[in-house]
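Asker: Taking the hints into account, I'd like the entire structure generated from these sequences.
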Amino acid sequence: MKKNWKKLTALTMAGVMALTAAGCGSGSAPSGSGESGAGTRAPATTAAGTTQAAQTETTPGSGDGEEVTIKITWWGGQGRHDYTQKLLDAYTQLHPNVTFEAMPAGWDGYFEKLSTQAASGSMPDIVQMDYLYITTYAKNGSLADLQPYMDNGTIDVTNVDANLLNTGKIDGKMVGMVLSTSALVTGYNPSVLAEAGYAEPGTDWTWEDFKTMCQTVKDKSGKLGTAVGPVDDTNIFHYWVRQHGEPLFSEDKKSLGYKDDAICADYFEMWKGLMDGKMAANPDEYAQIQTLGQEAGPVVTGDAASIFEWNNYTSKVAAVNDTLKMTTPPMLEGGSKGLWLKPGMFFSIAETSKVKDEAAAFIDWFVNSEEANDIIMAERGTPVSSKVREYLVGTGTMSSQQQDMFDYVDMAADLSGSTPAPDPVGMSEVNEAFKNAAYSVFYGQATAEEAAASFRSEADAILSRNN
Amino acid sequence: MKHLYKDNKVAYVLLAPWLAGFLGMWLIPMAISIYYSFTDFNLLNTPSFIGITNYIRAFTQDKIFYQAMKVTFAYVFALVPLRMAFALFVAMILNKKHKCLGLYRTLYYVPSIIGGSIAVSVVWKQIFGNKGVVMSILEAFGIQQKMSLVGNPKTALWVIILMGVWQFGSSMLIFLSALKQIPGSLYESAKVDGASGWITFSRITIPMLTPTIFFNLILQIINGFRVFTESYVITDGGPLDSTLSYVLYLYRRAFNYFDMGYSCALAWILVAIIGVFTVLLFKTQKSWVYYETGGDE
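In order, the protein sequence lines correspond to chains A and B. If you read the first sequence in the working numbering, its first letter stands for residue 761, the second for the next number, and so on. If you read the second sequence in the working numbering, its first letter stands for residue 6, the second for the next number, and so on.
Because the hints were derived from the structure by calculation, they are not lab data. Since we're looking at a predicted model, the values are computed, not measured. Some clues are possibly wrong.
[What the hints assert, rightly or not] Partial list, derived from the structure: chain A residues whose beta carbon lies under 8 Å from chain B:
1) E872
2) S875
3) A878
4) G881
5) T896
6) Y897
7) D1044
8) A1047
9) G1177
10) G1186
11) Y1199
12) S1200
13) Y1203
14) T1207
[Said to hold, decoys possible] In silico lysine-lysine, DSS-like type, Cα no more than 27 Å apart, as pairs:
15) A/K1019 <-> B/K68
16) A/K873 <-> A/K971
17) B/K75 <-> B/K151
18) A/K978 <-> A/K1032
19) B/K136 <-> A/K980
20) A/K1038 <-> B/K151
21) A/K899 <-> A/K929
22) A/K1014 <-> B/K68
23) A/K899 <-> A/K846
24) A/K971 <-> B/K136
25) A/K933 <-> A/K873
26) A/K1032 <-> B/K101
27) B/K75 <-> A/K971
28) B/K101 <-> B/K185
29) A/K1032 <-> B/K151
30) B/K151 <-> A/K978
31) A/K1038 <-> B/K101
32) A/K1038 <-> B/K75
33) A/K978 <-> B/K136
34) A/K1038 <-> A/K1085
Beta carbons are placed, not taken as given, at the ideal position from N, Cα and C, and that holds for glycine.
Answerer: Shown next, in the form of structure tokens:
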């Protein structure tokens, strides 16, 4: 009898300990996530500022005067946290009945936290949303339909490009108000190129030119031609696939959209060649680069020539190095227009929110008002409202990097094809499979053809399970 | 009867905090997770019952599941003997009379307190990473590495194992207190009989320690299967999933891929594995664990 007890105790002990495992490591940790618009990594800060013990519940449709608290969450770096708090304070001054409970966070862990909040029905009222996840949340019905607010004018969208606006529409429901436009860029350090004696690239350069540039930089200065993590996510690959005239995903999102695995194999092959030639950072070096954070990255410090980023790249790192420049990513000779204007980020309203009207009014102010955009200063990417863009250009207060960022959108528009549909559900898993397939090539454990085929089979399995 | 009843009330009051924690934090969540493991649940939808599909999927369709399993078993089987041997070694050294013994004991325990933290993992990553100290030292000795130890799929797991071994403190303390309890008379009579140091160690120290070894073994195996922080922070499971620990995979499934039902199934598979190991160990203890009191018979 005693023995049985011992077994039971042991089993219980084992069970309990096993189950405690997952909960103990959710602190923010450096890990690679290619993020749109907000790569600056900063520790999550706790909500501070205007949080007030005001009542949280009001009936929907309450007008001015009634006290409401709007819970709002976003990801970003410390700079964004600071000015967004200022922004919220400014709004409270205009509308004394509205106070905010701010929940700023870093990109790492942001969506892990949001998913648990959504699961427990305590999603913040206003949520900064990414293209990567918006479909997932929309499909589960956790985001409110914003169309009525756009129809009745609460959110004024007259100055927003219709194509761009529709990126927030999932299955016919407007679940996100797009806040900014971004586009893929090649950022480069002119002084590194000058040192190597290589002319700065124009918008008509090709992948061949890119390789020549990397080779020249390597030969002349011993520095890295590019410090990008080309397989952190599928954005650059997506661009590559589109240049080959194919979509990355099929229309029903149940499988990959391109037919020929050679497209993928060529991509792996190209990067492996660059890494083997010490022109690009290999996975090992890249892991080290990632720990530095963006402001201390090799392109900024002048240890590498180029990087693939989003068009707010130079303004993001301007505080550390204001000499960086941007151009469009390389073209494929004889290829089609691969670029697209990507919605930078969205504001969504939780379906569970009890203050939807007030939240929508705030979003309108955020998107359209001059005083809000004076504070934002396009840090979240190029504003979607053409009027706001004009206004900001007109004020003359923008730095040259911000000016570049605005100009880039026009420059890229000429080279852009249609905007692809939002990422399918299971996107982060597809990204992980892509990275693993590519790394197996980079580490010499598989040929590019094998890796391309295995990526296809895994991606198709993930996509058909999720969509 | 009356005073007995009163006593119970006090007992319940005193038990209440623990009981609330046990129910709220362990029992109920555990029960819920069993339920979820039989459902299709992505955190946001309403769970729908799908029987044992999740379990079948793990064993038949999930290559990464086997990879994570492989990594975790390799980790446990390398870590546990190494950590215990090291803990015993240090405990033997500290089991002597010395002026600053208290200080040393504390110092050697420090890694166990801070070792599991994020900060130390980050430091570890820097030390063993590309351009890290270890690489420089190896180069100074003429050992040219193509990749850093963390960046090489063949060695990355060893860096994580090394970090685990470094946290030997709690086993060491348990060994130390057990060493103190071995009667001095045994050693004295061995000395009189002319036994060498090795004989004394293998015939007296080890047998007398077997209950402690047994206890440590179970504790360490359970702990080993739960490895998370190190592989999450130092390598994020990479390179090439070579350090993807089971719990990290489970975490990814739940919170990165919104695959909560499946993730719960994975958790329960882990519980079963740990359970099997524990039962097996208990079954073998008769053959090698020596209880002076004759065990529980």
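Asker: Hints first: check each against the structure and report whether it holds.
Answerer: Each hint, compared with the structure:
For A/E872, the suggested interface contact is upheld, since its CB lies about 4 Å from the closest CB of chain B, less than 8 Å. This hint holds: A/S875 has a C-beta 5 Å from the nearest C-beta of chain B, less than the 8 Å allowed. Annotation: A/A878 was flagged as interfacial toward chain B, and the flag holds, the nearest CB pair being 5 Å apart, inside 8 Å. Interface restraint check for A/G881: the shortest CB-CB distance to chain B comes to about 10 Å, outside 8 Å, so the restraint is violated.
At about 6 Å, the closest approach between the beta carbon of A/T896 and any beta carbon in chain B falls short of 8 Å, and the interface hint on this residue holds. At a threshold of 8 Å, the smallest CB-CB gap from A/Y897 to chain B is about 7 Å, leaving the interface hint in force. The interface hint given for A/D1044 is met, as the beta carbon of that residue sits about 3 Å from the closest beta carbon of chain B, less than 8 Å. With a cut of 8 Å, the hint placing A/A1047 at the interface with chain B holds, because the nearest CB-to-CB distance is about 6 Å.
Against a cut-off of 8 Å between C-beta atoms, the interface hint on A/G1177 is violated, since the closest Cβ of chain B lies about 30 Å away. The restraint placing A/G1186 at the interface with chain B holds, with a minimum CB-CB distance near 7 Å, inside the 8 Å limit. For A/Y1199, the shortest C-beta to C-beta distance to chain B is roughly 5 Å, which falls under 8 Å, so the interface hint holds. Hint on A/S1200 holds. Least Cβ distance to chain B is approximately 6 Å, under the 8 Å limit.
Interface hint at A/Y1203: satisfied, since its Cβ lies 6 Å from the closest Cβ of chain B, which is below the 8 Å cut-off. Interface restraint check: A/T1207 against chain B, minimum CB-CB distance 15 Å, threshold 8 Å, status violated. Between A/K1019 and B/K68, the direct Cα distance comes to roughly 24 Å. Compliance with the 27 Å bound is thereby established for this hinted pair. As the CA atoms of A/K873 and A/K971 are separated by approximately 41 Å, the hinted pair breaks the 27 Å bound.
Pair hint B/K75 plus B/K151 holds up; C-alpha atoms about 25 Å apart against a cutoff of 27 Å. Note on A/K978 and A/K1032: the hinted pairing holds, with a Cα-Cα distance of about 15 Å set against a maximum of 27 Å. Our distance criterion of 27 Å between C-alpha atoms is met by B/K136 and A/K980, whose separation comes to about 22 Å. Taken as a hint, the A/K1038 and B/K151 pair is honoured in the structure, with Cα atoms around 12 Å apart against an allowance of 27 Å.
Of the supplied pair hints, the one linking A/K899 and A/K929 holds, its CA atoms being roughly 11 Å apart against a limit of 27 Å. This hinted pair checks out: A/K1014 and B/K68 have alpha carbons roughly 20 Å apart, not beyond 27 Å. This hinted pair does not check out: A/K899 and A/K846 have alpha carbons roughly 33 Å apart, beyond 27 Å. Note on A/K971 and B/K136: the hinted pairing holds, with a Cα-Cα distance of about 26 Å set against a maximum of 27 Å.
Our distance criterion of 27 Å between C-alpha atoms is met by A/K933 and A/K873, whose separation comes to about 24 Å. The straight-line distance between the Cα atoms of A/K1032 and B/K101 is roughly 57 Å, outside the 27 Å bound, and the hint therefore fails. Between B/K75 and A/K971, the direct Cα distance comes to roughly 39 Å. Violation of the 27 Å bound is thereby established for this hinted pair. Taking the CA atoms of B/K101 and B/K185, the gap is near 10 Å; set against the 27 Å cutoff, the hint holds.
Taking the CA atoms of A/K1032 and B/K151, the gap is near 15 Å; set against the 27 Å cutoff, the hint holds. About 18 Å separates the Cα atoms of B/K151 and A/K978, which keeps this hinted pair within 27 Å; it holds. Annotation: proposed proximity of A/K1038 to B/K101 is violated, straight-line Cα distance about 54 Å (limit 27 Å). Between A/K1038 and B/K75, the direct Cα distance comes to roughly 33 Å. Violation of the 27 Å bound is thereby established for this hinted pair.
For the hint linking A/K978 to B/K136, the alpha-carbon distance of about 19 Å falls within 27 Å, and the restraint holds. Among the hinted pairs, A/K1038 with A/K1085 is consistent with the structure: their alpha-carbon atoms are about 23 Å apart, no more than 27 Å.
Of the hints listed earlier, those the structure fails to meet are numbers 4, 9, 14, 16, 23, 26, 27, 31, 32, in rising order.
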